[in-house]
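Given only the sequences and the hints, what does the whole structure look like? Please build it.
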Amino acid sequence: MTDTTLTLDRNTSQPILIRERKSGQHWLWLLLAGAYLALPAIGNEYWLNAIVVPFLILSLAGIGLNILTGYAGQTSLGSGGFMAVGAFATYAFLLHLQLTFPVALFLGGVIAALVGFLFGLPSAKIKGFYLMVTSLAAQFFLEWLFLKVPWFYNYSSSATISAPRLDAFGINLSNSLGKYYLVLTVVAVLTWVAVNLVRSQTGRNWMAVRDMDTAAAVAGIRINHSKILAFAISSFYLGVAGALWTFAYLGSAGVQSFGLSRSFQILFIIIIGGLGSISGCFIGAAFISLLPLALDVIAQTLFAGRVDAGLLQNIQKAIFGALIIWFLIKEPDGMARLISNWRSRLSIWPLRF
Amino acid sequence: MTLFLETLIGGLLAGTMYSLVAIGFVLIYKASGVFNFAQGSILLFSALLFVTLLEAGIPFALALIPTIAAIAIMAVLIEWWVLRPLTNRSAMTLFMATLGLSYVVEGVAQGAMGANVHALDIGIPDLPIFVGDLLISQFDLVAAITAIVLVAILALIFDRTRIGISLRAVADDTRAALSVGINLNRIWQIVWTVAGITGLVAGLLWGARQGVQFSLSLVVLKALPVLIIGGFTSIFGAIIGGLIVGASENLAEAYIGPYIGGGITSWFAYFLALLFLFIRPTGIFGERTIQRV
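Just so you know, the protein sequences line up as chains L and R, in that order. If you number the first sequence the way the numbering used here does, the last residue is 1034 and the count never jumps. If you number the second sequence the way the numbering used here does, the last residue is 468 and the count never jumps.
Think of the hints as simulated: they come from the structure by calculation, not from any bench. We put the CB at the ideal spot given by N, CA and C, even for glycine. Just to be clear, a hint being listed does not mean it is correct.
As the list claims (entries may be wrong) - Computed list of chain L residues with no C-beta within reach of chain R, every gap over 12 Å:
| id | residue |
| --- | --- |
| 1 | L817 |
| 2 | I852 |
| 3 | S857 |
| 4 | K860 |
| 5 | L865 |
Claimed, not checked - Here are the simulated DSSO-like pairs of lysine-lysine, each with C-alpha atoms no more than 30 Å apart in a straight line:
| id | chain 1 | residue 1 | chain 2 | residue 2 |
| --- | --- | --- | --- | --- |
| 6 | L | K806 | R | K205 |
| 7 | L | K998 | L | K1011 |
| 8 | R | K205 | L | K808 |
| 9 | L | K1011 | R | K205 |
| 10 | L | K1011 | L | K808 |
Unchecked claim - Ranges of calculated distance between the beta carbons of each label pair, as one might list FRET restraints:
| id | chain 1 | residue 1 | chain 2 | residue 2 | range |
| --- | --- | --- | --- | --- | --- |
| 11 | R | N263 | L | R1026 | 54 to 60 Å |
| 12 | L | W832 | R | R350 | 55 to 61 Å |
| 13 | L | I979 | R | L353 | 42 to 48 Å |
| 14 | R | W255 | L | N1022 | 22 to 28 Å |
| 15 | L | L976 | R | I459 | 42 to 48 Å |
| 16 | R | R384 | L | L976 | 34 to 40 Å |
| 17 | R | A231 | L | N856 | 54 to 60 Å |
| 18 | L | S942 | R | N291 | 17 to 23 Å |
| 19 | R | W255 | L | R846 | 54 to 60 Å |
| 20 | L | V830 | R | R264 | 40 to 46 Å |
Given below as structure tokens:
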């Protein structure tokens, strides 16, 4: 990830110039190569399917919400609902049009974007808490819709959907390695798009609207257009994440997988990871997927199974809540900022000027 | 016609429960500008604590004292650890902090007192009675009367006591209140305690109906549309909003529900609130806020 830093240049006469730090980029390529080649070789199937795949999908969902909340400044509690739209729309394309999975996935995302566009329309008139009502209306209505209208889950008695087949242009992806590569590729491509998007004019418009909408309007930015675009693109990401969550991670899922608690989970990912940071989504998602595991290990070693699962879940809940409050107080920019602070401190260590 | 009236009255009475929860929101919002998402989990916590004490054999009136004390302690801790460090931050940040707070309170409440459903008997028979030829739930009637009494007590406190007057001063103009020497932090603690107690009342009534359990905390989700309709800053608005939501929800479920599959109460209130937002964004009794550049 490149980020722009303001540095004092002591050698030239210009006092301040904006320098692009590109040093991180080759690390990124290395990481990607590692994810493609090394990880499947060293990680066992459990790790890939139960930890890495959900982590990647949650990161993608985090990017979706971060575009809306972190960049465009519109709070939403409807992420779960939009994920459900993506999942059920992809299912419909797979089932009725017999499309290959990547195409169905893309179209599912487009449908989610349309629904997001629709529920984003009120953002032209209202903001803040009031806008949250719109997103909650979307969440509850969509949950109800995908439960009450049996057409969406093809009249199955369990009200769940599962992919008829998982293939990309003839390549079978239904084994665990195939699912992993599918998720990794989709997440890598969409992350690359998101990184460029938030640095483009569109992304800068979003940030201007977030920071002060009146000033943005004065500067000639079409605020409503920007906000609604953010809703649509955010929903596209969430929809794709929802479809992957259903077909590549869970295998079969009902609308219960996309309830309000999912929306909260995604929101927590971006608060912990960092509002307005793409890398923060990955950090937050890693944190939220690894913390339960870590707590489990600690409980096992310290109390040797005397702590029951229900209590552990409640402890985990309390810790998440406390962390949210702690981050909001101490580091509103999340772990992404914490890590970049450490990095810049390390880069001048031990000779601070 | 009888069916219509019964549905309407049933809805109105259920709406008083929403009102009770919404009043807690309004109190906190007026005094500290926080939209307190944790109201639902505080309600769950206090009801759960009360029921646990009852089950331990402590009589009803005596169990109230430690419960209210616990609410007060919680209010002070919240003020210390959450509100004070977040002073002057954006309303959205504060809201997200209360979201985290709700997780903490729920986790602690359920971790310490279990996640089982507790039956709660507060001595009100849940039998329907006939008023004329209308069938009305006696329990709902008692709940409604409790709500009215509670609001009357609150109104008296706000009107007559020193604390109440300083509360109103803070709500009116925080800076002016500070400059005349009102201790803002103390006011916050008191307001959160009072809101917690209204939550306790709502939690006990609601818990007597359907058992004290986790789903109690979800009542917070109904309070949001109630506040949008009634206005964020008016207690009277919260009551009217609760009644409107309760009645229309019940009517919609009875008359529209059968045609589109039922179960529409989960989202109906939100669509009603959206409708209100476009017609009257400040709610029926909300103060008109003017945004200037």
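### Task
Could you check that no beta carbon of chain R comes within 12 Å of the beta carbon of L865 of chain L?
Holds, because the least Cβ-Cβ distance between L865 of chain L and chain R comes to about 31 Å, which exceeds 12 Å.
### Query
Measuring from beta carbon to beta carbon, are A231 of chain R and N856 of chain L in 54 to 60 Å?
holds (55 Å)
#### Entry: Beta-carbon spacing of L976 of chain L to I459 of chain R - inside the hinted bounds 42 to 48 Å or not
holds (46 Å)
### Satisfaction of hint between K1011 of chain L and K998 of chain L, Cα-Cα up to 30 Å
OK: K998 of chain L and K1011 of chain L at ~20 Å, within 30 Å.
### Task
Taking the shortest Cβ-to-Cβ distance between L817 of chain L and chain R, state whether it exceeds 12 Å.
Given a closest Cβ separation of 6 Å, the condition is violated.
### Task
Could you tell me whether the CB distance from S942 of chain L to N291 of chain R stays inside 17 to 23 Å?
holds (20 Å)
### Query
Given a hinted range of 40 to 46 Å, is it respected by the beta-carbon distance of V830 of chain L and R264 of chain R?
holds (42 Å)
### Task
Mind checking the alpha carbons of K1011 of chain L and K205 of chain R for me, to see if they're no more than 30 Å apart?
Answer holds: K1011 of chain L to K205 of chain R is near 26 Å, not above 30 Å.
### Message
Over 12 Å from every CB of chain R: does I852 of chain L meet that, or does the non-interface label fail?
### Response
holds (40 Å)
### Task
Using the Cβ atoms, figure out if W255 of chain R sits within 54 to 60 Å of R846 of chain L.
holds (57 Å)
### Query
Given a hinted range of 22 to 28 Å, is it respected by the beta-carbon distance of W255 of chain R and N1022 of chain L?
holds (27 Å)
### Task
With 12 Å as the threshold, tell me whether K860 of chain L passes as away from chain R on beta-carbon distances.
holds (31 Å)
Of the numbered hints stated above, those contradicted by the structure are hints 1 and 11, listed in ascending order.
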